[in-house]
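Quick mapping for you: the protein sequence lines, in order, are chains A and B.
Note that the working numbering numbers the first sequence so that position 66 is 66, with each residue one more than the last.
Note that the working numbering numbers the second sequence so that position 315 is 315, with each residue one more than the last.
Worth double-checking, as some hints may not be accurate.
Unchecked claim - Quick list of the computed label-pair ranges, beta carbon to beta carbon:
id: 1; chain 1: B; residue 1: Leu45; chain 2: A; residue 2: Thr69; range: 18 to 26 Å
id: 2; chain 1: B; residue 1: Leu481; chain 2: A; residue 2: Gly67; range: 51 to 59 Å
id: 3; chain 1: B; residue 1: Thr36; chain 2: A; residue 2: Gly67; range: 26 to 34 Å
id: 4; chain 1: A; residue 1: Lys85; chain 2: B; residue 2: Gln23; range: 51 to 59 Å
Please keep in mind that the hints were generated in silico from the structure rather than gathered at the bench.
Cβ coordinates follow ideal geometry from the N, Cα and C atoms, glycine included.
So the chains spell out like this:
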Amino acid sequence: MADKLEVLQGTLDLLILRTLQWGPQHGHGIGQAIRTKSDDLLQLEHGSLYPALHRLRRDALIESEWGMTENKQRAKFYRLTRAGKKRLVAEESKWKLFVKTVAKVLRPQE
Amino acid sequence: MREQEERELEEELSAHLAIETRQRIERGQSADAAETGARLVLGNLGKIREETRETWGWTGMEAILNDIWYGWRVMRKAPVWTSVVALTLVLGIGLSTAIFSVVYGVMLNPLPYPEPGRLITLWNSAPGGVYQRFNANALNWTVWRARSHSFEDIALVRLIANYNLTGDGKPERLQAARTSWNLPHVLRVEPLMGRVFTEKEQNSDAHVAVLSYYLWQRRFGGDPNILGRKIPLNGAAYEVIGVMPANYRFPTPQFELWTPLYLPPDEIQPGLNYNYMAVGRLKTGVTVPQAQAEMSGIMRQFAQEHPQTNRLSKGKFVEAIVEPLLDGYTLPVRGALWVLLAAVGCLLLIGCFNLSILLLARASSRAKEIAVRAALGASGGRLRRQMLAEVIPLSILGAIGGIALAWLLLKSAVQLLPATMPRIESIGFNVPVLVFAIAISLLVVIVAALLPARVAGRTQMAGTMQHSSRSVAGRTRARSLLVTAQVAITVVLLFGGALFVRSLSAVLKVNPGFTTQGVLTMHLAVTRAKHPQDRQVAEFYERILERVRSLSGVVAAGFVNRLPLSGVSQTGGVNIEERPEMQSLDTDWRSATPGYFEAAGIPLKRGRLFSSYDRPDSPLVGLIDDQLAHKVFGDADPIGKRFRIAIADQPWVEIIGVVGHILNDTLEKDVRPQVYWPETQRTQDRAALVVRTMARPETLTAAVMEQIRKEDPDQPVYDVRSMQEWMSQTLSTRNLMTQVVTFFGAASLVLAVLGLYGVVSYTAGQRMREFGIRMALGAGLGHVRRLVLGQAGRLVVCGCALGLALAWPAGRALRSLLYGVTSSDGVAMIVAPVVLPVVALLASLGPARRATRADPASTLRAE
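Just chain A, same shape as in the assembly (with noise of 0.2 Å):
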């Protein structure tokens, strides 16, 4: 458990998009991918998704519709609109920068 991260806050938003990207998901699902993709690593409550999906739902980011999982629950499923994709890339680019920015900053200096 000790190494388990938490979602860094406004990160969550980026990985929820990001996950959407592969195409409509309920909000267990997403939970389920962000957990996998993060070999477990990134540690979410599961509940703390859904204010960050509705928030995303109405910023017209996703949007959502109902509909049945391959176990005939009926569930809510999000997918994203055209402003959600371009949001996405340009959080990813934004992201990307950081990253690069903040490990440069942390690299041991010459």
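Use these hints to put chain B onto chain A, whose structure you have.
Coordinates of chain B only, in the frame set by chain A:
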């Protein structure tokens, strides 16, 4: 909408639990354990619901209400801040609403007649001359009616047609108008009872009268059988044929009676008797310029027919002016009202900027909160929306308080308005005024919040999070800008106020040429039916004077046909026998009895005054004033020379004396000189009794009126006032203007200094750390104090410079309202730049002193 969201969230969350549980069961957990586990990893359900709900972003009204509620809560936590801002708003909104209601009532509120926009007045004008605008005469009326096609009809009104009403009750003087028969048709007003008079009745000078609703109620108790009743007017029996509705008060509410306008044939002449108001109604679709063009053509042709009277020098001729009826009413006060509206607008703007500055300060102290909101995903637009919504409670407070203040002001201030102000009856607290108050409060708050909201929207979250208390540079800049603007506006207002104060003091220094102290005046008009001969009228006046002079405390008494500064005059041309080459000289025509000049304090400069030996059958004599004497005779002696009314058959009269010139119309304009005839030789029906008293004039009022009543119990007496009161009435508009503009200047000074104080003390607070370091490095207290005062100084100097630059055009705009000062008056120019820095210095002393208390150790430790 919301309930559906709630249901969907519940379903979404239970779906999540279901999927998780199912997965756990598939991984081999027991149903119970799987369900508990699923709940555990989901987290605190209540918190999730709460946080999710917050993102729903409240649709429409709900969102705004929510923000407003939040704003209200924030305000209640900072009561001092809230009261300062609310007071600023109440003051600004209240004053501007009050001023607007006056402007609306006087200038914008339509006249109470159907389709009032089509009603016009027709004036004469002599282009290039002194008389830019004068009344119509009877010939104008007949010609205009016959030749023009722009009007449905044109009516003619003689405004000076007052009657002594006798009979049952106290005798009284009624203000009445003689009108052409078609006036009610032009105005489209129907009588409440009975009928109006006919063209035939007008032409035969029938003794019929139409009463106003108020006269009917006041004098006749609303008698339903009033029609057909004969009432004694000027001693003759007039039959009441109609009563007009309550809202018909033409031309002003003071008029209570209308009689037919009989035009005797000798009244209808070119170039004479410009005694009438002409009111017309434009045909549908005809505009004022179109009517004006037609009238110009008619007047040009008329001038060709009557070159003697209507052609002027340099190819010009007497013109006609077509003007909306409403404009004619508002003309005398329009300039003053615009100035008041502009001044109150400036005040409101300063208040608005103050609100901006205070909002910026609040935004700064809440920078962290805003940054957190931004970090949590609130967009710039959302933050702006919230800031706007949060100040709506303020605007509601401001609107309610402002409306209450305006209502109070209106209730008490309408009585303070000069009695000469037109359309006072139309001023009130009506729907347009209410709409204005609400709109202006919303506008002010929105304008005030826009800048802070923009700054908030720009907030850099990382920067703010790092520097816990430092503000963003833009905010200080915005605030400095606002304060500079406030100072500039204040300079303009103070400058305007100073111009008005200087004008008033110049007017107060004017010598009217007569005394205003210890003089009692009252008016009477003789009933000619009782005294048909001029000689009888003159004798009646003499008997009254004898009685009045016998009263103890009376120093002198006399009659004159028109009292100075009472708002009426009688003017006309005179010729001088010795100077036939001089054209007719425009003068005040006065008839006076012996004793008038002593009573009014008009000095005799040469020769003698009228005496009781000047009788109707004795040689004809007259007096001229020293202005006319100088103009005509220079230094030569005018005694023994002769003058006459500038009409061929009028008799010449010998000048027996020269008296001091007086200002008859206003203190501010010296219009024309005076000539006097003895009342016995040029008898007038209307006269003002002027009584010089030893004690306060008011103490003799009852005794003097009692003497008149004893002489003739049926003689009405009206307009009983001391000369001092007449004087105050002439000054009332200027007095009020000066007070109001000066008050606005002072109020804006207070508000601007408040804003300056806010900015200086805030910036000083921000720089405490810097001051601490400076002092740690050896800077003295004086150095730090100078830093703070320097900032205030820069703002004030910039503001003053900008203000002075604006003062010049502002002064020019005020020019027509000034007296005795130029629009770029030096004294007025330096008032604001002297007053403001002093007050500003005082305002910044506090922050400066606090700054010097910066303790190097503690500020650095706080870092």
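Going through the hints against the structure:
Taking the beta carbon of each, B/Leu45 and A/Thr69 are about 21 Å apart, inside 18 to 26 Å as hinted. At roughly 55 Å, the beta-carbon separation of B/Leu481 and A/Gly67 lies within the given 51 to 59 Å, and the hint holds. For B/Thr36 and A/Gly67, the Cβ-Cβ distance of about 28 Å falls inside the hinted range of 26 to 34 Å, so the restraint holds. Between A/Lys85 and B/Gln23 the beta carbon distance is about 30 Å. The supplied range of 51 to 59 Å is therefore violated.
Consistency note: the structure conflicts with earlier hint 4 alone.
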